[in-house]
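Protein chains: 2
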Amino acid sequence: MKRRYAILAPGHFAQDAKTANGVIRYSSDETVAVIDPACAGKRVRDVIPHLASEAPIVATVADALALGPTSLLIGTAPKGGALPTEWRNEILVALDRGLEIVSGLHDMLGEDVEFYRAARRRNAKIWDVRKPPKTPVFTGAVYDVAFPTVLMVGNDCAVGKMTVALELTRAARETGERPVFVPTGQTGIMIAGWGIAVDRVISDFAPGAAEALVLEAGKRDASIAFVEGQGSLNHPAYAPVTLALMYGCAPDALVLVCDPARTHIEGYRTPTLPYEELIEIHERLIATVKPARVVGIALNTRNFDERGAQQAIAQARSSTGLPADDLVRYGPSAFYAAVKGWIKRTACVA
Amino acid sequence: MKRRYAILAPGHFAQDAKTANGVIRYSSDETVAVIDPACAGKRVRDVIPHLASEAPIVATVADALALGPTSLLIGTAPKGGALPTEWRNEILVALDRGLEIVSGLHDMLGEDVEFYRAARRRNAKIWDVRKPPKTPVFTGAVYDVAFPTVLMVGNDCAVGKMTVALELTRAARETGERPVFVPTGQTGIMIAGWGIAVDRVISDFAPGAAEALVLEAGKRDASIAFVEGQGSLNHPAYAPVTLALMYGCAPDALVLVCDPARTHIEGYRTPTLPYEELIEIHERLIATVKPARVVGIALNTRNFDERGAQQAIAQARSSTGLPADDLVRYGPSAFYAAVKGWIKRTACVA
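Chains as they are written, first to last, in this note's numbering: chain C, 2 to 351; chain A, 2 to 351.
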């Protein structure tokens, strides 16, 4: 049964509601309302045109109820993943009406005594998307999968690694492949309905979780797998998750996803790196375990006008010699066609 | 009050009881017995001469009780950290006599219903050393600590990173420093009585845990900190923990700890790397966040005779141009004297 989402993003929808954006754009579930008092009265497409959704934005959960939601989705993941206290009441209103709660926060809502009791009273469900299953320590079984695996890496968090993986999956499907999108974070899991939030896994087991995900793609009959990336290899806080995916997924190829406007890792003094250096450190490090090449650069040019976007793409191509494009602005087909040969070739060599 | 340990390591004491070895050698708590039927009747020094301990080895917990232990320590950490079922009975015997249980396993013994009840019945304590406290996401506060921080890295797990950190701490203390040994794993925590098992921390928070440990060293009035290392940067399963320490501790210098006899990462097909390559990838990667140099190579030559050890040390020196030594075989003073200048200099530059 499809869900009908009311998406909770108070004060965040216009700025940084990454989860809300991803679900509205890519989920097969319907969004019937967004809850954000800062934009109440508008429609989603008025605030974020490329989402092309007519869903109304309302001020409270109570206002959204008339639109018949089945589920309240927590639409943004604050740093550290904790639940802002002012959202508690809104969640309780939803539970009190028997709505399912879907959350990607680090705080497990199903383990919160107040939410747990409210849910039980109305027989409502709480889906803590980030709660990982138990997975074993990395074994190396992933080295024997028969299909090529492509991992997204990037120059920072929140630059579009999930989006690029989804777009490449779509492009591959159109060419007759059986691509599997491999979700490694909460939004990807909400969209695909399976996956593991690797950033939530105990460090010793994170590469094992990444390995389990690629093995699962095999069970889903993948002819090629596109793995959602996490963090960045020079991110002071989240690089260990990036590395867990690099070693645990044992990819055959990497796609570098970059926001060229980013000068620093968001929230830190650490500078972002030029393409050439990013390519070098990823290839250098992964070669110590199982070699994989960066086969293309997917740019997020949302902060540029058309001319700026074209320049950024041309600059990425000329400085690296690799295919480069913005897959949201120009569609994924040309980029996929350009990197496909490289992916297949490097996968065979490995 | 000092503990009197009976150390449980059935079938493992002679081979791979890393925790038992570390505690017997470095803890200020006393070991009154080791439990291992495979060596029962001998003394610790008969099986592992360099531990120089007269403690008897017995077959069961029941046999150890006459020696007056206060605590049963789980003396080995199997891969994945799960509790072998055959050890359950031994632990229950100890709990039934009111002994404290000290465990560094991933399985939390205090959360096991049977152990929990047995402990409560006798008012016995269970110390799950690996259970991490809640720590925040990495903030960057560690960049402002005033003392130099030295992190151990290595060519594999179980090569002596903790031992080298402890030996350097001892050498620094002898020269009048106020060194603090920073424990990042279960054995280090048992020895020092504080610390966080970073491999047990949720991936998103692992660098934050590393940061918290270095800040704690500051509160302990460190004039220099030596951080116990974990895993290896090209370890397919545990490299994310290594990277969490490299970024989270923001070290000023790295000491490379290697077992030169190791040709592959233990348990995997991944080859270990030559010194030059190890130095290059560590320095290359850490420079993207905060630069630190490898200032010396600490070798574990336990698998070599005297002549082989000397040759291995000479080879490490000539191929890297860095100070190299075996700090257990020859003591830490000369090595510490050789690297101290480098540590202080690079710390000032950073």
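Any given hint could be a false lead.
The list makes no distinction among identical chains, and a pair is therefore deemed to hold if it is satisfied within one copy or across any two copies.
[To be verified] Distance condition first, Cα-Cα at most 20 Å in a straight line; then the derived SDA-like pairs of lysine to any residue:
1. K291 / I49
2. K345 / E277
3. K345 / P133
4. K291 / E281
5. K135 / P85
6. K291 / A67
What the hints contain is simulated information worked out from the structure, not anything from laboratory work.
Keep in mind that this is a model prediction, so the values were computed, not measured.
Going through the hints against the structure:
{"no.": "1", "hint": "K291 / I49", "result": "neither (41 Å within a copy, 37 Å between copies)"}
{"no.": "2", "hint": "K345 / E277", "result": "neither (23 Å within a copy, 33 Å between copies)"}
{"no.": "3", "hint": "K345 / P133", "result": "neither (31 Å within a copy, 43 Å between copies)"}
{"no.": "4", "hint": "K291 / E281", "result": "both (15 Å within a copy, 18 Å between copies)"}
{"no.": "5", "hint": "K135 / P85", "result": "between (28 Å within a copy, 17 Å between copies)"}
{"no.": "6", "hint": "K291 / A67", "result": "neither (54 Å within a copy, 53 Å between copies)"}
Figure legend: structure checked against the earlier numbered hints; hints not met, in rising order: 1, 2, 3 and 6.
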